[in-house]
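Line by line, the protein sequences are chains G and Y. Per the working numbering, the very first residue in the first sequence carries number 16; after that it's consecutive. Per the working numbering, the very first residue in the second sequence carries number 29; after that it's consecutive.
Hints may contain errors.
[As the list claims (entries may be wrong)] Below, in silico cross-link-like pairs of lysine-lysine (PhoX-like), each with a Cα-Cα straight-line distance of 25 Å or less: (1) Y:372 / Y:404; (2) G:100 / G:76; (3) Y:92 / Y:45; (4) Y:459 / G:76; (5) G:28 / Y:249; (6) G:28 / Y:435; (7) Y:400 / G:28; (8) Y:404 / G:71; (9) Y:249 / Y:191; (10) G:76 / Y:435; (11) G:137 / G:125.
These are calculated hints, taken from the structure and not from any lab test. What you are looking at is a predicted structure, and each value in this text was computed from that prediction instead of being measured.
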Amino acid sequence: MITYQISIFAENKPGRLAAVTQVLAKKKINIRATTIATSDTFGVINLIVDDPQRAKAALTKAGMTVTLSQVLAVVIPDQPGGLDKLTQLLFAEGININNAYGFVLEGSRKAVFVVSVDQIEKAERILEKKGFKTLDAESLSTIEPFHYMKY
Amino acid sequence: MYWEKEIETMDRGSLEKLQLARLRETLARASASVHYGNRFTELGFDTQEVRTLADVERLPLTGKEDLREQWPYGFLTCSRDEIIRMHSSSGTTGRATVIFHTANDIAAWTNLLARSMFMTGMRRSDVFQNMMTYGLFTGGLGFHYGAEKIGALVIPAGAGNSKRQIQFMKDFDTTAIHIIPSYALHLSSVFTEMGVDPRRETKLRIAFLGAEPHSENMRRKIEDFYGFKGFNSYGLSEMNGPGMAFECPEQNGMHVWEDNYIIEIIDPVTLRPVPEGTEGELVATTLLREGMPVIRYRTKDLTRIIPGPCPCGRTHRRIERITGRTDDMMILKGVNIFPIQIEKRLMEIPGLGTNFQIILDRENFNDQMTVKVEVKGEFFGGDLQQLEALRRRIVEELRSDILITPKVDLLEPDSLPKSEGKAVRVIDNRKD
Chain G
16 MITYQISIFA ENKPGRLAAV TQVLAKKKIN IRATTIATSD TFGVINLIVD DPQRAKAALT
76 KAGMTVTLSQ VLAVVIPDQP GGLDKLTQLL FAEGININNA YGFVLEGSRK AVFVVSVDQI
136 EKAERILEKK GFKTLDAESL STIEPFHYMK Y
Chain Y
29 MYWEKEIETM DRGSLEKLQL ARLRETLARA SASVHYGNRF TELGFDTQEV RTLADVERLP
89 LTGKEDLREQ WPYGFLTCSR DEIIRMHSSS GTTGRATVIF HTANDIAAWT NLLARSMFMT
149 GMRRSDVFQN MMTYGLFTGG LGFHYGAEKI GALVIPAGAG NSKRQIQFMK DFDTTAIHII
209 PSYALHLSSV FTEMGVDPRR ETKLRIAFLG AEPHSENMRR KIEDFYGFKG FNSYGLSEMN
269 GPGMAFECPE QNGMHVWEDN YIIEIIDPVT LRPVPEGTEG ELVATTLLRE GMPVIRYRTK
329 DLTRIIPGPC PCGRTHRRIE RITGRTDDMM ILKGVNIFPI QIEKRLMEIP GLGTNFQIIL
389 DRENFNDQMT VKVEVKGEFF GGDLQQLEAL RRRIVEELRS DILITPKVDL LEPDSLPKSE
449 GKAVRVIDNR KD
């Protein structure tokens, strides 16, 4: 299943991330995972939240430059080689990963790995065929993340 | 001490008589060009009516827009066969204003540069390293020819490559240089880095500082570091380029070579002359140019005439350092840049908003331009590479136009202050 990552364009200066989290906190939107990519004076904040549409609306209303993009949230076993199985598969199929980050699920031996790829439909199909479970926005909102790990 | 004593020290009466005679010849000649021919006809102006120098005020002003309108050949008074050289304003590409010279024009200009350099003490025994860009920019070839005319050994080093410049100075015993003041300051840090003391390890004694307005403080700073005497010079391509006005050993104002130019200082708003000694816009007329005479050209540079005679004995009046511009032109590393050039480029690039800002800084004596521009919200695709590619494209496009590599910051939409009325586009933080 395909889910949505929310990306915010932000200048690289104090208070920008705080402004984002403040809006989300007020709207009681839960953040599942986050990653920030910066380039000197500006950057992109990527978030996986429990309600991406509502988050986008709230942040846009607050004057921020926001976009939703499709990603795959893949459930992988939280054990040595768990991530490797996934990345080897994507590599073998010639799928390029543009961005990736993940988090471990509490109370289970599983982790969620979020990947932004160049051929998302193809990737989704292959993952399904190979037995990987992918989460949609709804299931992301019900799971409990344990802690984040960033790649 | 004089290159042409008779002309340089000519009494004012004779000098003005010479100016009037040359002005009348210039006007007669100018009538042959499309621009002035039309202009004089429109105004019903008979060039024979000019009987005194004061009549200059009745002549039409010429602006950069006229040169653009008549681009490229509408100011020529002769066939193209007579033209041997083209120059253009520094920095601008595309539809830059261009100036054409006949062989006599180049000879007259060369003579003015020889006269100017000789005035500062340069002689045939000197080794002159010309650290200016050669090419369309007048500072390269202009000085080159003038120095050769004096008979000095000329090293056409060109701009940049700091370490090699310093090596040349040491290897060839360079005594005189032509350099942009901000580059002279920058080069001082390279000297320090290389552990070379210019006062002990070079023979530098004269520097021509040009192509960029600078303060007295900056001159002193440069002189102190290098141990040479730095002479300010002034010129613009429309008036040949450097050699129009130059400092004498008194270092107090630049003598305008009035046998070659008529200068006026006008109020940029009323366009009326200001009283002598008051600041205003410099307006200049060429007196010896054949191929492309320019009459009452609005330089947009602000200065004043320094009243009274100069102790050096030259009778040609002096203008003060340029204190500013009547338009928004910026000068960076000797390159003239208008904010509109940057605006035009930015507007052509998809993904950018209309709001931008130019910030000029001087770090380690090096001028830096930062262009801050807002990205359009709908352009953002959530991807850093896309933004980086956009940033690189802006740097590249601007560099190809203004010849300077700016730093580009991408901003969120609506993050720049919206100014009411005319936007404040340029913030100049450079001091001295």
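Okay, the hints, checked on the actual structure:
1. Y:372 / Y:404: holds (17 Å)
2. G:100 / G:76: Violated - the C-alpha atoms of residue 76 of chain G and residue 100 of chain G are around 41 Å apart, more than 25 Å.
3. Y:92 / Y:45: Measuring from Cα to Cα gives roughly 29 Å; hence the hint is violated.
4. Y:459 / G:76: Answer violated: residue 459 of chain Y to residue 76 of chain G is near 41 Å, above 25 Å.
5. G:28 / Y:249: violated (36 Å)
6. G:28 / Y:435: Holds, because 17 Å separates the two Cα atoms, which is no more than 25 Å.
7. Y:400 / G:28: Holds, at roughly 14 Å.
8. Y:404 / G:71: holds (17 Å)
9. Y:249 / Y:191: Roughly 21 Å separates the two Cα atoms, so the pair holds.
10. G:76 / Y:435: Violated, at about 31 Å.
11. G:137 / G:125: This hinted pair holds, its Cα atoms lying about 24 Å apart.
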